[in-house]
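So you can see what is in the structure, the chains are spelled out below.
2 protein chains.
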Amino acid sequence: MNSLSPASPTDPLPPPIHERLQRDRDEALDELCQWLRIGSISSDPRAVGEMKSAADWIENKLRSGGLLTRRIPTCGFDLVYAETPAVPGAPVVLVYGHYDVQPPEPLELWISGPFEPTIRDGNLFARGATDDKGQVLTHVQSVVRWLSTGRPLPVQIKFLIEGEEEVGSDGLNQALPELADLLACDCVVISDNSQYADGQPAITYGLRGILAMEIRVDGPKQDLHSGSFGGAVKNPAIALCQLINSMIDADGRISVEGFYDGCIPLSAEEIGLIDGLPSDDAQLAQELAVPTLFGEAGFSSNVRRWARPTFDVNGLTSGHQGEGGKTIIPSFASAKFSFRLTPGQDPDKVAAAVSRHLHQHLPAGVTLSIEPGHGAPAMISSTTSPFITAAKAAIEEAFGVAPVMIREGGSIPIVAKFQAELGADCLLLGWGLNDDGAHSPNEKFSVEDYHRGTLASAALWNRLGQLPR
Amino acid sequence: MNSLSPASPTDPLPPPIHERLQRDRDEALDELCQWLRIGSISSDPRAVGEMKSAADWIENKLRSGGLLTRRIPTCGFDLVYAETPAVPGAPVVLVYGHYDVQPPEPLELWISGPFEPTIRDGNLFARGATDDKGQVLTHVQSVVRWLSTGRPLPVQIKFLIEGEEEVGSDGLNQALPELADLLACDCVVISDNSQYADGQPAITYGLRGILAMEIRVDGPKQDLHSGSFGGAVKNPAIALCQLINSMIDADGRISVEGFYDGCIPLSAEEIGLIDGLPSDDAQLAQELAVPTLFGEAGFSSNVRRWARPTFDVNGLTSGHQGEGGKTIIPSFASAKFSFRLTPGQDPDKVAAAVSRHLHQHLPAGVTLSIEPGHGAPAMISSTTSPFITAAKAAIEEAFGVAPVMIREGGSIPIVAKFQAELGADCLLLGWGLNDDGAHSPNEKFSVEDYHRGTLASAALWNRLGQLPR
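Residue numbers (my numbering), protein chains in the order written: chain Y, 2 to 470; chain G, 2 to 470.
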């Protein structure tokens, strides 16, 4: 499908499909509530039964809706696969989502039970409402309701719904190469993120990559009395601070030689588009309770968050941490840190550059050990592909507002894997909102966005079916 | 007594005293074992009975030896006071020590029980053997055995033995101003530290002061997702590392403006004396398991440990500290740190300079709070006073080796208080060894050093009594 020419204007959803979706709104919402009542917490060993129930529920929903389904065992929880009939000459779309959820703790902060879906002020509150049951179900509903009209879908839709997204997707990652034929597609659709703002839908065309590391600086074999030995040995906690300090300058630019190698600079045009989005630094600072925002000099906060590499220390540990003082030279100090990477940066090369830097800057008198963590490259997709054009039209049709094109600062490693293994473009269509509390108490999803997402999904199948062949 | 002229040579201990000490060696050792069997752990609320027993034991020992004694209640544990008769025109000496001990944990590392004194290889093993029961008892024995000969002591000896040295000496600190008349003296003798090396006794003429602080750098009101927000807000853990880094340069010199104000430089002569002591950096590095020693450029490790100010981070805390990674921007980061101070530095002024520095160097985007900890000035005493001359002669008489003059890097805040409240010089005469394990399992004290210390103590009274009046 790579020979597709730029899309010409396409038509809106046929009225019978639109009407069916309207008619079935209550039923579709009720079904979401059924799924949300299943506490499918992938990290909780006590929830193995719920994990199976949640997979059963969505597989049953797809099969009873007329799709062929298949359960794919992995080293972890099952993958649920389903497909509609092939449509010769039309695009093949893979919808990816997950049926597992984050743990709901701390429970005492929930206004209604995490697994007792409750509507308040137009929002459905439950663990998994936005992440990701509510969002992935919009695509399932659009397909099943469409098929229920007796009309064929204009494109083939494949579903891949996994149960380990919240715990690292080990099963899917291991299985993916063998599933390449089954999952072959022109484009992957994922709804597991957010609109730009309430009332302003968005298409995410870029994600940052990641590289996590942990280092440990060792000094004396045991904590020493800082009176007897202070001045004789290098303090490992100070050495650690000096190392961290050496990695980033006062302007927020990363000082590691070779770190920015390959990093594709943003065009002035793209910076202009990002900076043209409504954004209020002062308000964000207030919401986060920081005196002011901060980041690499020369870029706006949206550009810095979405499209510039960053360095963050995630944890520091050394010496005495309890109440009061203890005048010691700690035996060791450790730091966990991570980089967010941008297109063109290779996580392995960055890891090597960082290791080299740390060894070169290690103060005398201590030793260093480096524990490499996980890495994943950034993702960037075309902003002008026919898939994007179709998605823009579909979203405007459903939301009444044209989507803005955004990047996001987070990393979804599976997206880069889909690009690499399946050679497919990714459409990241978030129906959620930034304040949905995906991993927090009182997770929610707007009921209207659930319905609008379902409508946009159907409109997307319709528009993709009209792409010139 | 400040009009004392430099001492002329003095005579050794009269034979009857020397013989009495020799005769009573076994009894004196047995008495130490009695005292050591009492587990007087001042930090253990279950040991209140043992604390009283240990105070009773030493008070009884002093009273039955012919001294006047007094129990002085404080806000904490009792002080035990005792005195011999005044000797008109002769110096008054105050012996300070403590009857409380550190907790013995971890118990499983003790070869014999911490409160079951056991002799192995010429060492007496028990909690408190060196710190401080064994050491302070040398002075009690020398006085009591002397008096048992029927001869008067040539100087007045006062004892002040407290029960809270291991927990901050609150009771004594509060009581001290009111006790100034009772404790009035020309010189304070303390044996609660170590010889320079095995077979090389020492007199400690300087101690470093201390200033402890804790700082906390606050960023966002809660941990943030480093993907969504990395690049938008200042990372508090990085800010903390930058602050720590700003306080000390790569050569180990403290970069805080005003920090060294008032700091009295060591004379070339004193540096020469310290550097003339046998010392092996390579061996110390090996014992501590560090690749190399490290400290302020331009000074030897002994000078740095004893007589140069130092900065040590005692603890670091921020963000995720458990297993694995968590890609967050931590909400806050904190550090505990302390300075060792040298004569001429005022802890309050140093605290103000450090606070000023931290506020001036605080990166944008975070807030800082500073918790001042305890501070105490350094102590330095004359190395040529008649008291020192007498102590040198007494130690050489008992140990067969002239003592070396050393400083120590640690801080004994009560010493500076004695100097300030009583206007008295301090003689720090350590009979212990550096590897006695004062706060560790298998604490020990050499039996021979116990007897030599007792002999040196008696010789000191004798030599002090011969000082020109």
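One or more of the hints may lead you astray.
Stated by the list, open to error - Here are the simulated lysine-lysine pairs, DSS-like style, with alpha carbons at most 27 Å apart:
| id | chain 1 | residue 1 | chain 2 | residue 2 |
| --- | --- | --- | --- | --- |
| 1 | G | 327 | Y | 418 |
| 2 | G | 327 | G | 350 |
| 3 | Y | 393 | Y | 53 |
| 4 | Y | 327 | G | 418 |
| 5 | G | 418 | G | 53 |
| 6 | Y | 418 | Y | 393 |
| 7 | G | 418 | G | 350 |
| 8 | G | 222 | G | 327 |
| 9 | Y | 327 | G | 350 |
| 10 | Y | 350 | G | 393 |
If you're looking for bench data, these hints aren't it; they were derived computationally from the structure.
Tested hints:
Restraint check for residue 327(G) and residue 418(Y): satisfied, since their Cα atoms lie roughly 21 Å apart, inside the 27 Å limit. Only pairs whose Cα atoms come within 27 Å are accepted, and residue 327(G) paired with residue 350(G) is rejected, the gap being roughly 41 Å. The suggested pairing of residue 393(Y) with residue 53(Y) is violated, with an alpha-carbon distance near 36 Å, which exceeds 27 Å. For a cut-off of 27 Å, the pair hint linking residue 327(Y) to residue 418(G) stands: about 21 Å separates their Cα positions.
Proposed proximity of residue 418(G) and residue 53(G) is supported: the alpha carbons are some 26 Å apart, at most 27 Å. Straight-line distance between C-alpha atoms of residue 418(Y) and residue 393(Y) comes to about 24 Å, which keeps the hinted pair within the 27 Å bound. Of the supplied pair hints, the one linking residue 418(G) and residue 350(G) holds, its CA atoms being roughly 18 Å apart against a limit of 27 Å. The suggested pairing of residue 222(G) with residue 327(G) holds, with an alpha-carbon distance near 17 Å, which does not exceed 27 Å.
For the proposed pair residue 327(Y) and residue 350(G), the alpha carbon gap of about 22 Å is at most 27 Å, so the pair holds. Taken as a hint, the residue 350(Y) and residue 393(G) pair is broken in the structure, with Cα atoms around 65 Å apart against an allowance of 27 Å.
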